Amino acid sequence: MLGSGPSEAVLRAGRALLGEPDRRAFRELASGVWEKHSGPVSQALIRLPALRGSGEEAALADLIAVHLYLSSSPDDPFGARALAEDGDGALRPYAACLASGLRRLPALRGTLVRAVAPSSVPDELVPGALLECDVPLDVVHLDARHAPQPPPSHVRYAIRPLTARRTSVLSRDGNGTQALFGTGAAFTVLARHDAAGALPARILLAELPTGTGPFRAPSSDVVERLDAVARRTGPAGATPWPDRCTGPFHRAQSSP
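Those letters in the sequence shown? Residues 31 to 286, per our numbering, in order.
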């Protein structure tokens, strides 16, 4: 857990559309670092004009927010901890632009994994339990080529995604193995497996649809494929597991 949780304003900003006043407010909020991030984002917009959507200026602000988040450590002023502890809503314009920027990035399918210490699985994480994120959630596309190996002592939270976004177009993750869920993403536990012998502990999750869309539980074959990727073990690869893809989900609750 990071702090006592963000304000409702920040949580709403993570889900809502935004207008130009939010973007102007974000630019003022990030004025000290704006130029540092505008260069890489402008280059990405040249390479991938589809990221612009309906307007380049709006896209620039939104994607600067994403680039700023990806460049920040959890304890930085624009990092995960600051968003999680923003009780007075001061970061609301940033959160709104960040959410809008993520929607511009390409979606990512596959098995996405977050590594969580310690190695034991919490008792409350049983099939049907819910996990919610009050800040963006960094994960690794584990079945991608050249994906890093999770730490052997950590629980692997393996996710079947709906809204995850590929971040390699804006980050230094050149092999394209990292992805990001936006604030408010929610997941249901499909299965849990405690560590046994050489096999790591695994929590298998499916992302829940946003809005009023129905949730259709994946078939047993899909769940087994998810677990097959999550339980792979082997020597650590050349690419280390990213620190930002390690750590707890930020809110958990029992099934209703």
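Please note: incorrect hints may appear among the correct ones.
Only pairs whose alpha carbons sit at most 20 Å apart, straight line, appear in this in silico EDC-like list of lysine to aspartate or glutamate [stated by the list, open to error]:
(1) K66 with E87
(2) K66 with E115
(3) K66 with D118
(4) K66 with E86
What follows is a list of derived Cβ distance ranges for each label pair [what the hints assert, rightly or not]:
(5) S61 with S249: 45 to 55 Å
(6) R261 with G83: 37 to 47 Å
(7) K66 with H176: 49 to 59 Å
(8) E58 with G83: 18 to 28 Å
(9) S250 with P107: 43 to 53 Å
In short, the hints are calculated from the structure, not lab data. On a predicted model such as this, the values are computed, not experimentally measured, just so you know. The beta-carbon is built from N, C-alpha and C at its ideal position, and this holds for glycine as well.
Cross-check of the supplied hints:
The hinted pair formed by K66 and E87 meets the criterion: a straight-line CA distance of about 16 Å does not exceed 20 Å. Of the pairs offered as hints, the one joining K66 and E115 is violated, with about 25 Å between alpha carbons and a cut-off of 20 Å exceeded. Distance hint between K66 and D118 is unfulfilled; the C-alpha atoms sit about 27 Å from each other, more than 20 Å. Distance restraint check for K66 and E86: the Cα-Cα separation of roughly 18 Å lies within the 20 Å cut-off, and the hinted pair is therefore satisfied.
At roughly 50 Å, the beta-carbon separation of S61 and S249 lies within the given 45 to 55 Å, and the hint holds. A C-beta distance of roughly 39 Å is found between R261 and G83, which places it inside the suggested range of 37 to 47 Å. At about 28 Å, the beta-carbon gap between K66 and H176 misses the expected band of 49 to 59 Å. Checking the proposed 18 to 28 Å range against E58 and G83 shows it holds: the Cβ atoms sit about 23 Å from each other.
S250 and P107 have their C-beta atoms about 46 Å apart, which keeps the hinted 43 to 53 Å range intact.
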